[in-house]
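Chains as they are written, first to last, in the working numbering: chain A, 1 to 355; chain B, 1 to 216.
Bear in mind the hints are in silico, worked out from the structure with no lab data behind them.
Here the structure is a predicted model, which means the values were calculated and not measured.
Treat the hints with care, since some could be wrong.
Taking lysine to any residue pairs in the SDA-like style, the calculated list, with each CA pair at most 25 Å apart, reads [what the hints assert, rightly or not]:
1. B:Lys197 - A:Pro211
2. B:Lys51 - A:His57
3. B:Lys121 - A:Val210
4. B:Lys51 - A:Thr251
5. B:Lys117 - B:Ala131
6. B:Lys51 - B:His200
7. B:Lys197 - A:Pro162
8. B:Lys121 - A:Pro162
9. B:Lys117 - B:Thr106
10. B:Lys121 - A:Thr51
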Amino acid sequence: MPNPTHEIPVSQVRVLAVRGLIAAFIVLLAGLVMFIVMRTDPWSGETSDPTTRLSLHLTEQVEIDPQLIDYQQVALIDVPMQQLRAIASGPQDRIYVAGDRAIHQFGADGEPQEVVTLDCNPQCLVVGHADPPEAGRLFVGSSGGIRILGADLQVLASWPLPDENMILTSIAVAGDNIFVADAGNRVVWRFSETGEVLGQIGKTDGLRQVPGFVIPSQYFDIVAGSEGLLTCVNPGKLQVSTFSFEGDFGTSWGRAGSSLADFFGCCNPSHIARFSDGRFVTSERGIPRIKVYTETGELESVVAGPQQLGVSQRSVGDPRQGINEPVFDIAVDSQARVLALDSRSGTVRIFARIE
Amino acid sequence: MNDQPVKNDRREFIQDGLRVAGLVTLGAAGGFLVGRQGEAEETVWQLDPNKCIACKNCATHCVLDESAVKCVQFFDMCGYCDICTGYFDPNYRELNTAAENQMCPTGAIRRTFIEEKAGQKFFEYTIDADACVGCGKCVKGCALMNGSFYLQVSHDRCLNCNECAIAVSCPTQAFDRLPANRPYRLKSPALALLKRKVKHPSHQDARDLLSQVYDP
């Protein structure tokens, strides 16, 4: 009698074994792929704690590699004022700070020298060169008008503002020309020494190919060069623009972004100064950074980041700051030092290049 | 029958007088307290944006599944910027509304093109309250620039608990109770702006807003 059990042919057993091996290989491969994905997934850390996604992380932007910082703080000057508005450097590297209806004068080493009281609250300040026609004069802008003070700090001339919507944010001088940045009308006014309006710079003009300024907040700084060029921050465009004194648009540089070479946020740089060799120093708000750029706008070095300016990482983006926001007006002196006005602590921080 | 006249004891008379006076005082005090309770001003929870640090506790500590605290926008302080630090993640790749470029974890901010001026585009940023979880991430981002975003308790959602779980956990004690007829707060610069704005006769919307704002 034949055996009732069905014998499986050897060839079929081999086929089944191969199929089993292939299936096991596929399962192992899928497991390995999933393991690698789970271990390398950049978001896996966030998913383990869902509240991480609710927090704003700015460490990458706030912390600056110390190797990239070429300056160090060499002095700190206490300024006995409640509201520090503007800083300027003058002949013999004297330092001037405006605010609280006064201008305080310090020596290059930070020694207090003079205090002159004003009949207005100064918003912006610049000091002319030692040589005529500027002769070390102080040019002060306020909501009440423009005042020119002699090197002896006596008022030489003054005139009211020509437009009631003007919001003065910066003042610059070159020879007989006085330039006043007006955030209210988004233009720079050009005055003569007697207060005569010589023109407006930066008004949108298609024929002259002037693109216009974008000023989303009250930060609009300018600096005038003796070669006949006026350099203005254009914060809404995150750029720096250059004009001739007659208002012809020259060039713009600057790029938006969060990397060190770029300008962060919606409106930066907030302040600008210029070394005698043509290089620019910029100061940013939001994430406070002071940097040096070449004449053509390439990042050359970092003067200070939030840590060097005494701004803790925790306080960056603190909604409570309001009017006490860490924004640093800047000036430079003949020794290529960078002066930063720290309105929160009532001090002037002086930075010098590390040799 | 005793016809002798009742002698009034002076001490008893004084004691009776004091008892009556005490009862009258007790009754009057009770009536005063009950009456005062009826007249008491209703109060509601609110947070002070001048003290708020946008710590995300509002999103995680409210007893509601979805927090009653929402972000609000004060347009008069907004720069309508193309690159809004309250909208875009600090490491955005492109300036568009793709989710990976947005800071808000729930995509609760609407970005709407307004106009192009001086070669620059301007956008309006509004909050979708239904999507907002009140984490304050955008408030911190906005504070890097103009600071027009801030958090407020939304009173159409808040249960007005006796002990607010967020208020208990708030690290800056930013929560307190406000009169129910003025249940909202503004940041100090925003309040100053609004007060200036209401002087113009055409700004009825500003007057309506100011009528709801608590001004200490």
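What hints, given by number in increasing order, does this structure fail? Going through the list in order, the structure violates hints 1, 4, 5, 6, 8, 9 and 10 and respects the others.
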